[in-house]
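Colleague: In case you want the letters, here they are:
Number of protein chains: 2
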Amino acid sequence: MAAASQPVLALSGGVGGAKLALGLADVLAPGQLHVLTNTGDDFRHLGLDICPDIDTLLYTLSGRANQTLGWGLEGETWQTMTALEELGGETWFRLGDRDLATHLWRTRQLKSGMRLSAFTAALAVRLGIASHIHPMTDDPVRTMVHTDRGDLPFQHYFVRDRCEPPVTGFSFDGISAAHPNREVMRLLQRKAFGRVVVCPSNPFVSVDPILQLPGLWLALRESPAPVVVVSPIVAGLAIKGPAAKMMAEMGMGVSALDVARHYCQRYPGLMDCFVIDQSDATLAAEIGELGVTVAVTSTVMKSRADKRALARFTLQLSGS
Amino acid sequence: MAAASQPVLALSGGVGGAKLALGLADVLAPGQLHVLTNTGDDFRHLGLDICPDIDTLLYTLSGRANQTLGWGLEGETWQTMTALEELGGETWFRLGDRDLATHLWRTRQLKSGMRLSAFTAALAVRLGIASHIHPMTDDPVRTMVHTDRGDLPFQHYFVRDRCEPPVTGFSFDGISAAHPNREVMRLLQRKAFGRVVVCPSNPFVSVDPILQLPGLWLALRESPAPVVVVSPIVAGLAIKGPAAKMMAEMGMGVSALDVARHYCQRYPGLMDCFVIDQSDATLAAEIGELGVTVAVTSTVMKSRADKRALARFTLQLSGS
Numbered sequence: 001m002a003a004a005s006q007p008v009l010a011l012s013g014g015v016g017g018a019k020l021a022l023g024l025a026d027v028l029a030p031g032q033l034h035v036l037t038n039t040g041d042d043f044r045h046l047g048l049d050i051c052p053d054i055d056t057l058l059y060t061l062s063g064r065a066n067q068t069l070g071w072g073l074e075g076e077t078w079q080t081m082t083a084l085e086e087l088g089g090e091t092w093f094r095l096g097d098r099d100l101a102t103h104l105w106r107t108r109q110l111k112s113g114m115r116l117s118a119f120t121a122a123l124a125v126r127l128g129i130a131s132h133i134h135p136m137t138d139d140p141v142r143t144m145v146h147t148d149r150g151d152l153p154f155q156h157y158f159v160r161d162r163c164e165p166p167v168t169g170f171s172f173d174g175i176s177a178a179h180p181n182r183e184v185m186r187l188l189q190r191k192a193f194g195r196v197v198v199c200p201s202n203p204f205v206s207v208d209p210i211l212q213l214p215g216l217w218l219a220l221r222e223s224p225a226p227v228v229v230v231s232p233i234v235a236g237l238a239i240k241g242p243a244a245k246m247m248a249e250m251g252m253g254v255s256a257l258d259v260a261r262h263y264c265q266r267y268p269g270l271m272d273c274f275v276i277d278q279s280d281a282t283l284a285a286e287i288g289e290l291g292v293t294v295a296v297t298s299t300v301m302k303s304r305a306d307k308r309a310l311a312r313f314t315l316q317l318s319g320s
Numbered sequence: 001m002a003a004a005s006q007p008v009l010a011l012s013g014g015v016g017g018a019k020l021a022l023g024l025a026d027v028l029a030p031g032q033l034h035v036l037t038n039t040g041d042d043f044r045h046l047g048l049d050i051c052p053d054i055d056t057l058l059y060t061l062s063g064r065a066n067q068t069l070g071w072g073l074e075g076e077t078w079q080t081m082t083a084l085e086e087l088g089g090e091t092w093f094r095l096g097d098r099d100l101a102t103h104l105w106r107t108r109q110l111k112s113g114m115r116l117s118a119f120t121a122a123l124a125v126r127l128g129i130a131s132h133i134h135p136m137t138d139d140p141v142r143t144m145v146h147t148d149r150g151d152l153p154f155q156h157y158f159v160r161d162r163c164e165p166p167v168t169g170f171s172f173d174g175i176s177a178a179h180p181n182r183e184v185m186r187l188l189q190r191k192a193f194g195r196v197v198v199c200p201s202n203p204f205v206s207v208d209p210i211l212q213l214p215g216l217w218l219a220l221r222e223s224p225a226p227v228v229v230v231s232p233i234v235a236g237l238a239i240k241g242p243a244a245k246m247m248a249e250m251g252m253g254v255s256a257l258d259v260a261r262h263y264c265q266r267y268p269g270l271m272d273c274f275v276i277d278q279s280d281a282t283l284a285a286e287i288g289e290l291g292v293t294v295a296v297t298s299t300v301m302k303s304r305a306d307k308r309a310l311a312r313f314t315l316q317l318s319g320s
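In order, the protein sequences belong to chains A and B.
According to this note's numbering, the first sequence is numbered sequentially starting from 1.
According to this note's numbering, the second sequence is numbered sequentially starting from 1.
It is worth saying that the hints were derived from the structure and are not from the lab.
Backbone N, C-alpha and C fix where the C-beta goes; we use that ideal spot for every residue, glycine too.
Heads up, a few of these hints could be off.
Claimed, not checked - Stretch-level coverage of chain B by chain A, calculated; a stretch enters the list once three of its residues show a Cβ under 8 Å from a Cβ in chain A: (1) 74-83; (2) 87-94; (3) 106-118; (4) 286-296.
Here chain A stands alone, though its shape is the one from the complex:
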């Protein structure tokens, strides 16, 4: 098992992944958590550079996340959106007044030539976050959702069209030319991480864009740190978001087993341990046949205590 002092690398998308990231930040020493974050959902909207998953992590880890909405900032107001509606403007993507400050400042700083990773690091410090939030890349990668209504940029599929169009597949524009986050690659090459945790994020639109960055998943596989994946599918349902719906539409089964198969087939030898919910305990044997250690616990994170418990559980797994 990794020494307690070694940093941990978590791979995360938005809301679901941020829950476990918060648990990990709580139970690790300050500064020991590194979160490699999906940027495939990023987009430019109303002239602004918007990074939904990075912001969800920033807001969650700084204690600013809106608990009621499940996204955005606590205590948010909506004056700009109300005014934009009055002007006949585009309001399908809801931008809160306080949230807008993040996008305005990021847009300004990126236009001035700052890297997204440097901006994100500076903002995390400003918000008092001890953990390191790394965009998966500083280069533009854009997740396209293939549907029976054509290819849709992710936010158009996810927010504007409310995940309604049946999905046939995904692609990640720009990914073959994108460089994985330099700091994370450097730490991987130095064997700095004691453990890699793939958060219970959507495998197709949150984790795959990260793992498919050139060289990244092979670097994770070569790293001595065990790779622990937490299933986002519990009892055949996605806790949050369209993962289950996508799996059904693509003709996959909808279970933790099918998630495990996806990771084993797409990234052979990467995953050391797969964490499933106790409600899926009957799948353990079949998942084990894929050649991974299966760990069973309660993976549904409602309270802060749930998040910490799952974090502790993933950190105690040896994967051996």
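Fit chain B to the supplied structure of chain A, relying on the hints for placement.
Modeller: Using the frame of chain A, we list chain B on its own:
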């Protein structure tokens, strides 16, 4: 005198000019007022396309202007600015939450290829404005203020540096390649306007950029409509803004006479009538020697009634 049914063209900058524009809109039949608006103060800030003078006119003519602040929207809130301050962002240019909607929507529409003139016209309709607000050009023109601290973009001089650096002159980047507003040029060529009113805006940074667009002031001079200029300097003071300070710094006298001289020297034969405040009545004879008709009235617009009275006064002048 022009027929009452003929449209009127007003040239305007921001706050000072918008007051008279509001008076003109009040006393003319709906749709008869055309305002050609300075865009030299426009700038890109935090990724947004901001047009301060156009917005002042939109907000003033739609009854949304903030009476207390003297700029921006009535009932404005400042959540985004507060949040931006917390992030350590740039907050010297105050953007209200509701005002932001205008900039976001404009930035989006211009990026999509819409012309500024078309966007402005659409927004005016949306806000219920019967008058026509025309940007002086759809091309980028940027007023640079020459100071003893170097050349400053206008908003940096005006807002960030609070007009403190002593001024030595002005230039308008991009002006020689800019096309004057097409609709206004078309109406001028058709001799459609019954009168041209130059509002009491800053001669150097609000009116000069408009008049120096290629072909514009000559088209105004050739038009049969009398050109009436209202002095922005009253009793040696500017009602609003840095005009008087600029004149002193550039070694000019600071009086309505010096404003009249500026227009006569720079645009010979353009001005038919010059309107001065009653407190400057003693200057009338000397101004008359410049070859213009001088009209004396109360030009300080505090109430709505003041605005209407000055508007009626300018419309009744024959300039002959």
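Colleague: All hints are to be evaluated individually against the structure, with a verdict given for each.
Modeller: Results of checking the hints against the structure:
no.: 1; hint: 74-83; in the structure: holds (count 6)
no.: 2; hint: 87-94; in the structure: holds (count 4)
no.: 3; hint: 106-118; in the structure: holds (count 3)
no.: 4; hint: 286-296; in the structure: violated (count 0)
In summary, the structure is inconsistent with hint 4 from the numbered list given earlier, while agreeing with all the others.
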